[in-house]
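> Chain by chain, the residues run as shown.
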Amino acid sequence: MNARELILGRLRASAVTEIPALPVMKDWYGAHQRDEDAVQRIQRLRSVLEAVHTEVHDTTESDWPSLLLRLASAKGLRNLLIGDNTTHGDTLQAVAQESLDLIRYDKSIEDWRDVLFDNIDASLTCARSAIAETGSLILWPDAAEPRLMSLVPPVHFVLLDTRKIYADFYQAITAEGWKDAMPTNALLISGPSKTADIQQTLAYGAHGPRELVVLFCHESVKGESL
Amino acid sequence: MSQVIHFHPDADFKARSLAAVQDPGQRKNFRGAMDFLQDKRRVQFPDQLELEGLRDIGSAIRRNSLARLPELLVQLETRMTANGIQVHWAATADEANAIAIEIARRVNARTIAKGKSMVSEEIEFNHAMKAAGIEAFETDMGEYIVELAGEKPSHIIMPAIHKTKQAIAALFAEKIPGVAYTEDVDELIKIGRQALRRKFADADIGLSGANFLVAETGTICLVENEGNGRLCTTVPRVHIAVTGIEKVLEKLEHVLPLYSLLTRSATGQSITTYFNLISRPRQPGEKDGPEEVHLILLDNGRSQAYADEQLRATLQCIRCGACMNHCPVYARIGGHAYGTTYPGPIGAIVSPHMMGLDATYPLAFASTLCGACVEVCPVKIPITDILVRLRNEAQARPETASLRGSGAGRSKLASAFWAGWTLVYSRLKVYRLTSWLLSRGHALSPIEQGAWTYSRTALKPAPKRLRDLLKDRKP
Ligand code: SF4
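If you read the sequences in order, they're chains S and Z.
Positions in the first sequence are counted from 1; adding 135 to them yields the numbering used here.
Positions in the second sequence are counted from 1; adding 111 to them yields the numbering used here.
The hints are simulated quantities; they were obtained by calculation from the structure and are not laboratory data.
In this text the structure is predicted, and so the values were computed from the model without any measurement.
Check each hint, because a few of them may be wrong.
[Said to hold, decoys possible] Derived pair list, reagent style SDA-like, types lysine to any residue, alpha-carbon separation capped at 25 Å:
#1 S:K314 with Z:A178
#2 Z:K241 with Z:K362
#3 Z:K362 with S:R147
#4 Z:K276 with S:L337
#5 Z:K310 with S:D249
This is chain S alone, in the form it adopts within the complex (with noise of 0.2 Å):
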């Protein structure tokens, strides 16, 4: 007999007397919403992610490219990794500096493995959305922006709609409909890369990315004054 049906025998010559009924996830997540406005929520989400050491920045959709660029230089960034074929890379590029080096991931990771591990400063992605409770962005990563870009680099920059967070994880799974639709990879990133297994005392840049650098992308030209 193999395994699967040795393993499967067992199990299903075991008793099962009762089956516990499943709690309705609606109901408890329902339950525990906050009373809180669209402000409120990009707030709560921005202090959530500064007490995990992550950089929070308000921009537009039209001032962001040039607010990258003075954080890239004052960060000292000799080059950026974008995505391929993405609207904000391209658009990025439209103002980029000489001072920048601007990089596509244009290639398979086989083809460039030494060169995005030794040489690449930073990166920049788009989130898909964000969670306001835990801090979390939410990538699913794609070939446009593949998965290494949020996590090889030492320096991450991510862009944020602020239309785009949800005030719990079950809200953007539902929203979102994720159940039927999962990508290859979903991700969520709450802070840069950390590890507390020394001592426990926390430190931030363990195998990803030392600084998590997020722009807040609001619809109105008020950004800063938010």
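Given chain S, put chain Z with the ligand in place with the hints provided.
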């Protein structure tokens, strides 16, 4: 830890725990770490009502999934296969390792980068790979430290919890070429990061565990802070996940409360840095991610726990470690004294199914039954009831034995004592006579009373029985 399987449990466990309690440095490390983790957890659950509600939900989801385990495993397999993930089944640790070796040989793999996985410790994965000529290396900082020191994890969440930063500083300076002694934690982490970075880039296979498996979507969920788990599951051409058959949940939404309970109970974080959901290998056009994803579903004794409706609750565990963080015994003897992959209260109740009760029954007795573990367990496993049950199993007569190794702790003296006890307490006349004899002969009671008098004064019957005192009482 193959040597552990052969140890004489009682003597070795006693010797190891005695050595541990007599090591003041280690006691201080564990006490400090336990206080720290308990505080962090407490802060995460300020609202007792919310906590209890969430524990009820977590427990119900786990119990429901277990009740439908065979059906959910088949659903998971069907869904994953449709997604392009290859599902393998392993009845034993050896079978699981053999599956991994076969995959490694087929793709000509020389190195395997490992994310944190207690199941890989359970099956002694690194050892098996080494024997097959394949280098498997740890990438989680804690696991990396423990591996460098030639040790084993002493905690399921924080593997190097027994080590001070001074010890780690000395270890790095000794073992990593070109590294000078430093106690700066940021610097030490940087050193670890640097030492492993190249190896990630060159690894042929990435190995991970799984925190949850979702049947409806065919998804592997991984919880971590460092990013090494994501590297292991994204950079190499092949990703192998190895985990226990009990990890499956029916729906994606069921993951949410359990994930929240897990991180808050384990390290007192509202969420971890990364939550990584993998549902497919690399698709055409995608530029990174493994071309092959394998899932190895491991039994290794779990179906024995499953067969018994009381012991089945053991499989509800989501491996948060809160039970050990709150256990007065674990805090004093640390993780290594247990001699098992999983230490603490969860180790005492799950290890008998993996290694046999004969090799592990003393662990069931290494508990005060104070119930701290039951109070904090996020999925409400009745740990103390299971400990008592395992104590009984250890004393069971061969004909009533239901577990591998049942009855191994049976002693003639103890059996005779309990037979006598039963006789005395089930017959009034015998009871009266015995109590009369004991009270009259109280001065003769022995000063040495086995384990009881190691650290307590001897028991002595009162000179007068309660019934005598009542009789003498003046109205
Ligand atoms: S038994 Fe409960 S408290 Fe202990 S590790 Fe498992 S889930 Fe956590």
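> All hints, please: hold or fail.
Hints, one by one, checked against the model:
Among the hinted pairs, K314 (chain S) with A178 (chain Z) is consistent with the structure: their alpha-carbon atoms are about 22 Å apart, no more than 25 Å. Taking the CA atoms of K241 (chain Z) and K362 (chain Z), the gap is about 38 Å. The hint is violated against a cut of 25 Å. In summary, the hint linking K362 (chain Z) to R147 (chain S) is supported, as the alpha carbons are separated by about 21 Å, within the 25 Å threshold. At roughly 12 Å between alpha-carbon atoms, K276 (chain Z) and L337 (chain S) fall within 25 Å of each other, so this suggested pair holds.
In summary, the hint linking K310 (chain Z) to D249 (chain S) is supported, as the alpha carbons are separated by about 11 Å, within the 25 Å threshold.
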